[in-house]
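The residues making up each chain are set out below.
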Amino acid sequence: MKLILPPGVSRARFEQALKAFASVVGPEWVLATDEDRETYLDVYSPGRDTSHAASAAVAPASVEQVQALLKIANEFRIPLWPISRGKNFGYGGAAPRMAGTVMLDMGRMNRIIEVNDKLGYCILEPGVGFFDLWEHLKSNKIALQLGIPGNGWGSVVGNALERGFSPAGDHSNNICGLEIVLPNGEVVRTGMGAMGDGKAWPLFKHGFGPSWDQMVVQGNLAIVTKLCLWMKPADEAAISIEIKLPKPSDLQWCVEALAPLRLQGVIDGLVRLTSYQASATVPTLRNQWYQGSDSIPDDVIAQMMQRMNVGWWNGPLRLAGFSDVCEANLKRVLERLAKFTKQEFPVTRMRGDAQPGPTTYPLQMVNWYGGRGGHIGYSPVMPADPKLVQEQFERTRRRYQQFGLDYSGTFYIDGRAATNVNLILYSKDDEEQKQRVRQLFEALIKDAREQGYGEYRTHLSYMDNVAASYDFNRNALLKLNERVKDAIDPNGIIAPGRNGIWPKAYRAHRGVL
Amino acid sequence: MKQLLVLLALAMPALGLAEDLSASQLAGQKVFAHRCGMCHREGGTGTFVLARRLGAAQSLLEQRTDLQPETIRYVVRWGLTNMPRLSRVEVPDPDMNQLVAYLTRPRPAAAP
Ligand SMILES: Cc1cc2nc3c(=O)[nH]c(=O)nc-3n(C[C@H](O)[C@H](O)[C@H](O)COP(=O)(O)OP(=O)(O)OC[C@H]3O[C@@H](n4cnc5c(N)ncnc54)[C@H](O)[C@@H]3O)c2cc1C
Numbered sequence: 002m003k004l005i006l007p008p009g010v011s012r013a014r015f016e017q018a019l020k021a022f023a024s025v026v027g028p029e030w031v032l033a034t035d036e037d038r039e040t041y042l043d044v045y046s047p048g049r050d051t052s053h054a055a056s057a058a059v060a061p062a063s064v065e066q067v068q069a070l071l072k073i074a075n076e077f078r079i080p081l082w083p084i085s086r087g088k089n090f091g092y093g094g095a096a097p098r099m100a101g102t103v104m105l106d107m108g109r110m111n112r113i114i115e116v117n118d119k120l121g122y123c124i125l126e127p128g129v130g131f132f133d134l135w136e137h138l139k140s141n142k143i144a145l146q147l148g149i150p151g152n153g154w155g156s157v158v159g160n161a162l163e164r165g166f167s168p169a170g171d172h173s174n175n176i177c178g179l180e181i182v183l184p185n186g187e188v189v190r191t192g193m194g195a196m197g198d199g200k201a202w203p204l205f206k207h208g209f210g211p212s213w214d215q216m217v218v219q220g221n222l223a224i225v226t227k228l229c230l231w232m233k234p235a236d237e238a239a240i241s242i243e244i245k246l247p248k249p250s251d252l253q254w255c256v257e258a259l260a261p262l263r264l265q266g267v268i269d270g271l272v273r274l275t276s277y278q279a280s281a282t283v284p285t286l287r288n289q290w291y292q293g294s295d296s297i298p299d300d301v302i303a304q305m306m307q308r309m310n311v312g313w314w315n316g317p318l319r320l321a322g323f324s325d326v327c328e329a330n331l332k333r334v335l336e337r338l339a340k341f342t343k344q345e346f347p348v349t350r351m352r353g354d355a356q357p358g359p360t361t362y363p364l365q366m367v368n369w370y371g372g373r374g375g376h377i378g379y380s381p382v383m384p385a386d387p388k389l390v391q392e393q394f395e396r397t398r399r400r401y402q403q404f405g406l407d408y409s410g411t412f413y414i415d416g417r418a419a420t421n422v423n424l425i426l427y428s429k430d431d432e433e434q435k436q437r438v439r440q441l442f443e444a445l446i447k448d449a450r451e452q453g454y455g456e457y458r459t460h461l462s463y464m465d466n467v468a469a470s471y472d473f474n475r476n477a478l479l480k481l482n483e484r485v486k487d488a489i490d491p492n493g494i495i496a497p498g499r500n501g502i503w504p505k506a507y508r509a510h511r512g513v514l
Numbered sequence: 005m006k007q008l009l010v011l012l013a014l015a016m017p018a019l020g021l022a023e024d025l026s027a028s029q030l031a032g033q034k035v036f037a038h039r040c041g042m043c044h045r046e047g048g049t050g051t052f053v054l055a056r057r058l059g060a061a062q063s064l065l066e067q068r069t070d071l072q073p074e075t076i077r078y079v080v081r082w083g084l085t086n087m088p089r090l091s092r093v094e095v096p097d098p099d100m101n102q103l104v105a106y107l108t109r110p111r112p113a114a115a116p
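Protein chains in written order, with the numbering used here: chain B, 2 to 514; chain L, 5 to 116.
Okay, chain B solo, but in the shape it has when bound (with noise of 0.2 Å):
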């Protein structure tokens, strides 16, 4: 990828600033050739390589050298958007808002800093990535569980951050305490942290005033440098309740025979209803089904449904804690589903230790097309009720049809809240189908506008539609986080545009692909 600068910089006042960030890190941890370039772009975008590329990225080693970086971005006006490990696939990857912003990649700073299982937490750095998380819970025999994303090859931390979840729950709901850098250098620790040698950091949320935690989560307030997460101790028993629903209409009962059994923690995690779709998407290619270049129609589905031996929505349903409050449980589920249906749902026991470790498995599904593959994720958030669940299924999957793509969607119920986490996949060399694409990316955000419904996260190219969608009182809440922006970042140096906060230095890209 050719150089796009920062925007007000020349060349030469960026190589000057370069240069100072290489006598921070070290020469070989500031990247800035053509091909370090190309390993910063979010591969799987709908749009173009340009809109999001990075000048450069910069890799600090320590507190001490994000803050030296911190003083001469500001020096030099040079944007730095911070990624743990930046593997936010679907969302955009390793890349920033904006083109020319230099990424600052936390990937060096990677200690796991502490681990207790009998208070339940860990603190860690950036750079530490699931699978290393794993490792050493493994290896030293700790009994806490981890949430773990679908794809778990990016950083514990970061996926925190982006509010990323599984069923375990909204990952950022966990975290207990931050050291933060702020733009002008200077390094705060959060909640009961913020008192020298504070014991209670990990454990006790707020401290004393107002809770700071959540304002950095999907923000861009600060440079996050440790992160205090808790860690649920491992369960006697778990119980798997093997939901498979023959019939789209399902998801109605479903949801309703749930949803109440979820609010009263008779459920252990999210309930996920998924389609039959992500049982082909992962172990097969789209043309060993379907050739046409519309939707899959209802006659393949029959058969992908039939080959792949799963129902129209499926997902395991779990149950964990103590075995004779499982078995209780159990029965009261079992109980309460009957009352819907006649159908017989298959019962696994377990030990509550046995939580499947991280994989990468389901990144295979973005090959669907064959070919170089892209895929996006679309997530609105909405009410657990079991009427709108299934008119949102609807309209969304007309949708899919409309622009002739393949629907793929999971329902993510939380007894209050449901997470519609759609996913979209798409050849990445077909210029006419990622056209469609946006077309319905666009859509959707509307739709879900018009519901009433927001996205919980979402794509770099879509942050500032989905900021738009949250307009009660001429988007007061937006203008309420730029003000804040201003005050903390008057230079406007820490990812410019993240969730469509845009620094009043570059308000005039808002918008600008």
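Please keep in mind that the hints were generated in silico from the structure rather than gathered at the bench.
Just so it is clear, the structure is predicted and the values come from calculations on it, not from any experiment.
Some hints could be false.
Pairs of lysine-lysine residues, derived as DSS-like cross-links and limited to a Cα-Cα distance of at most 27 Å, are as follows [stated by the list, open to error]:
1) L/Lys34 to B/Lys142
2) B/Lys340 to B/Lys388
3) L/Lys34 to B/Lys139
4) B/Lys248 to B/Lys340
5) B/Lys200 to B/Lys142
6) B/Lys3 to B/Lys435
Starting from the known structure of chain B, fit chain L with the ligand onto it as the hints suggest.
Coordinates of chain L with the ligand only, in the frame set by chain B:
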């Protein structure tokens, strides 16, 4: 899927052959385990996609004898099909050299 697992199981003993690795190859093996292994060892997504594209015999990179240094360097930095790219923070140049040394190591002639 089952077929693939059987083929992989058959290939396993080959992995068990003790090889004398040079210091740089050994270091490359570590780089492979840490940076590539999650996708490119048995059961990994990269192994699966390679098996689908080139056949099971070509799917485990550590067993391949036909990998060229330039190919390895290119694929790591530019990706392939749905494989994302790895930056020089994740695989710095010295690690890349070790990785190449490991994946292109001369192998004892295969038993007939
Ligand atoms: C097939 C597939 C399945 C997936 N399944 C899931 C899933 O089940 N659940 C899920 O949550 N995601 C899923 N993802 C999305 C994504 O891959 C993961 O969320 C991944 O963990 C994010 O990458 P990362 O952890 O490396 O974070 P990063 O890319 O490092 O960080 C994400 C963002 O957080 C911010 N950030 C990161 N580090 C810092 C820091 N130190 N200071 C300040 N800000 C920072 C930046 O804005 C950065 O862009 C999936 C993706 C694919 C392709």
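For each hint given before, does the structure comply? Return the numbers of the non-compliant ones in rising order. none
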